Amino acid sequence: MPLPTLRLIKRRGQQNNLIMTNQTTNNTFDAIVVGSGISGGWAAKELTEGELKTLVLERGRNVEHITDYITAWKNPWEFKNRFHLSNTDLEERPIQSSHCNATDKHFYVKDSEHPYIQEKPFKWIRGYQVGGRSLTWGRQSYRFSDLDFEANNKDGYGVDWPIRYDELKKWYDYVEDYVGISGSLESLSHLPDGIFLPPIPMNAIEKHLKESVSKHYSDRVIINGRVANLTEPKKGRGPCMYRNLCSRGCPFSGYFSSNSSTLLDAYNTGNLTLRENSVVKEVIYDELTKKAVGVKIIDAVTKEEINYYAKIIFLNASAIATAAILLNSVSQSFPDGLGNSSLQVGHNLMDHVVNEGTYGIYDGLLDKYYEGRSPGTIYVPRFQNLNPETKSTGFVRGYGIQGKGERENWESKSTTGIGVSLKAQIETPGKWKISLGGRGEVLPNYENKIYLDHQNKDQWGLPLVKVHFEYGPNELAMMEHMTKASEDILRKSGFENVGSYRNSPPPGSAVHEMGTARMGNDPKTSVLNKYNQMHDVKNVFITDGSFMTSSGCQNPSLTYMAVTARASQFAIKMFKSNQL
Amino acid sequence: MDRRKAIGGILGLTGISIASVVGVKYFYGNLKSKRGQLQNYSNLISELVDAIIPATETPGAKEALVHEYIINYMEECSSMKEYNNFLNGLNNLQENCVNTYHHNFENCSTVQKNQIIENLDNNYDSTSLFSKINNKLQGRSFFDILKSLTIEGYCTSEPGATMHLEYQPIPGKYNAITNLKVNQKAWATK
Chain A
1 MPLPTLRLIK RRGQQNNLIM TNQTTNNTFD AIVVGSGISG GWAAKELTEG ELKTLVLERG
61 RNVEHITDYI TAWKNPWEFK NRFHLSNTDL EERPIQSSHC NATDKHFYVK DSEHPYIQEK
121 PFKWIRGYQV GGRSLTWGRQ SYRFSDLDFE ANNKDGYGVD WPIRYDELKK WYDYVEDYVG
181 ISGSLESLSH LPDGIFLPPI PMNAIEKHLK ESVSKHYSDR VIINGRVANL TEPKKGRGPC
241 MYRNLCSRGC PFSGYFSSNS STLLDAYNTG NLTLRENSVV KEVIYDELTK KAVGVKIIDA
301 VTKEEINYYA KIIFLNASAI ATAAILLNSV SQSFPDGLGN SSLQVGHNLM DHVVNEGTYG
361 IYDGLLDKYY EGRSPGTIYV PRFQNLNPET KSTGFVRGYG IQGKGERENW ESKSTTGIGV
421 SLKAQIETPG KWKISLGGRG EVLPNYENKI YLDHQNKDQW GLPLVKVHFE YGPNELAMME
481 HMTKASEDIL RKSGFENVGS YRNSPPPGSA VHEMGTARMG NDPKTSVLNK YNQMHDVKNV
541 FITDGSFMTS SGCQNPSLTY MAVTARASQF AIKMFKSNQL
Chain B
581 MDRRKAIGGI LGLTGISIAS VVGVKYFYGN LKSKRGQLQN YSNLISELVD AIIPATETPG
641 AKEALVHEYI INYMEECSSM KEYNNFLNGL NNLQENCVNT YHHNFENCST VQKNQIIENL
701 DNNYDSTSLF SKINNKLQGR SFFDILKSLT IEGYCTSEPG ATMHLEYQPI PGKYNAITNL
761 KVNQKAWATK
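Just so you know, the sequences run in chain order A and B. Oh and the first sequence: position 303 is 303 in the working numbering, straight run, nothing missing. Count along the second sequence from 1, add 580, and you get the number used in the working numbering.
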């Protein structure tokens, strides 16, 4: 077994500051980045490498890479209640509890401390800490294509994207090369290939499914999932040890997170200042210069208000939180929130529509097994509405299906009896099982929105976020279709007991919320221009999920990263030529 | 996910009449339990789990301290309904044990213990539609809870995972397709 590569364990700073070493006397920096998750980490890396003195503000606590992955080495028996959340946990995290367990709950907020209002059920899954949700993300990484960038323009939902694949391609290359994405080259025009590490191979049942699908269908294929897990070492990180315990934080740096990568590289430039416990209250706007001049924060612990100043502001707080900050940044010029002359801020909230999940049992290949635990998946790329031949009558756009095959063990194997016979049944590998789950595109819809409730405040006196979100007929039709298609794929491939779970998860469950400050060509109908600058306030850049003009059906983090790198490089150029 | 069944399979054990079962159910169903009582049943639970998963060439559930896990889980994680079902089930079992064998479960012979557990096992059903609906309304039955927590607790215990199953904390590599070896054990974790 290769030795663990423990890369640069940073020492913890004094009390609640990680590294305030670059603190200036007048709280002034070249750039401020709000949020340290997957896109904030990229902004921090690019801006600091571009020699901008950069302040990263994180509302949660510090999480030091490796040192603070407190459960990473624990064996199952070292958890008192195994992986179950206690009733106390459920009271503290009634919403987050569907997405975490005893091994990783500390990377999910306590809802009791961070309330929001759901007008209709909408799960807002959050990780308030340095690294944000990049610690717990699903790591699935797929490029968008022009099928996605042109979709709004073609079918008329939402506004047109101001960029096309051509403009983003080199930035996808750039971030993939840094992040380390394992995947296979497939030459699918609607799911472009990238700079890949070797794919995580398919096991026997996954291979069987792939072969069967290619035999039975002309319209769909099964490929290796593309995941940010390192199948080879990369820049001193990894490789993956195949423990499949990613959401606890990886002591081998086997997957990409802000903590393991971008923030460390930003730190190494000497240009990074990271301040934890910094709840951003508003962006400060100057009426004279017509620019943002800084942000006002509330220290989460002391509740003290502090202003920080910079020429460039990047908002990377995540789609809902970024919109909330803008809406709370009211000035004479912007009574409806900063840069909100279009009145689109907070609107067009999207997630991905997720179905119930489908499973089937396969009675065969019983002489095959596997060694090691794959953190990856298999993937059925979108196969609907690609061209006239694949046009669906039920819905526009499309969905992809993620899946995983494994042999049942004690967790799901059905057993009978007690005693010696029961023990023997538990001991041996069960039948092969495959689970499939669809991820579908959600259309931009003005009515799906977040806004502020000024009557109800959080513990820092900030108005609570209200979420209003409902699936439309297109999403519902797609959800039904993905379940039927998943069942069909398994039945045609010889699976038995094919079924789907009855309850579909509420919106928000994909944890892909986006669209609340969309990009567009027209300042009247969009918030950001093609470089992610606010149309109205050119030195404010937004590169978290807020900018998404449409949702595609691909897991979006890779696109956030590519767009962030691109916008950061643009901002550096503008900064250096004094145009901001 | 939710499974369960009405009253424990205790009836099978003694052949008590339906009427008295209903009576028992009514009584226990209305008994308001408080949490914090299960530590007193530690010996009984340890004997129960060991009857479900006994020591063979690998350790049994008692040695794996599965009873401690079950008590922790029931005290801290279970719903109140299931806590009541479980506590009432323990009392019920003990009562029926005394009625039938004239001493409590811990003092029963191995044969008697197995008989009792087998009776419970034969009389519970977690898969029928009826029991699924019933589970939803009333929580899983005593034996359903006991058996599933015993299996889980054992397979996630150190002796269970490392001796009865195969546990690799750090595989280090992924061989996606291997040939099943003779007497290959299942992986303890996914």
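Hints in this document: simulated from the structure, not taken from any laboratory. Just to be clear, a hint being listed does not mean it is correct.
Only pairs whose alpha carbons sit at most 30 Å apart, straight line, appear in this in silico DSS-like list of lysine-lysine [claimed, not checked]: (1) K614/B <-> K281/A; (2) K207/A <-> K765/B; (3) K712/B <-> K74/A; (4) K716/B <-> K492/A; (5) K770/B <-> K234/A; (6) K614/B <-> K413/A; (7) K765/B <-> K120/A; (8) K80/A <-> K761/B; (9) K538/A <-> K524/A; (10) K234/A <-> K120/A; (11) K120/A <-> K661/B; (12) K492/A <-> K53/A; (13) K53/A <-> K524/A; (14) K770/B <-> K433/A; (15) K642/B <-> K110/A.
Since the model is a prediction, treat every value here as computed from it, not as a measurement.
Task: List of violated hint numbers, smallest to largest - done: 1, 3, 4, 6, 7, 8, 10, 12, 13, 15
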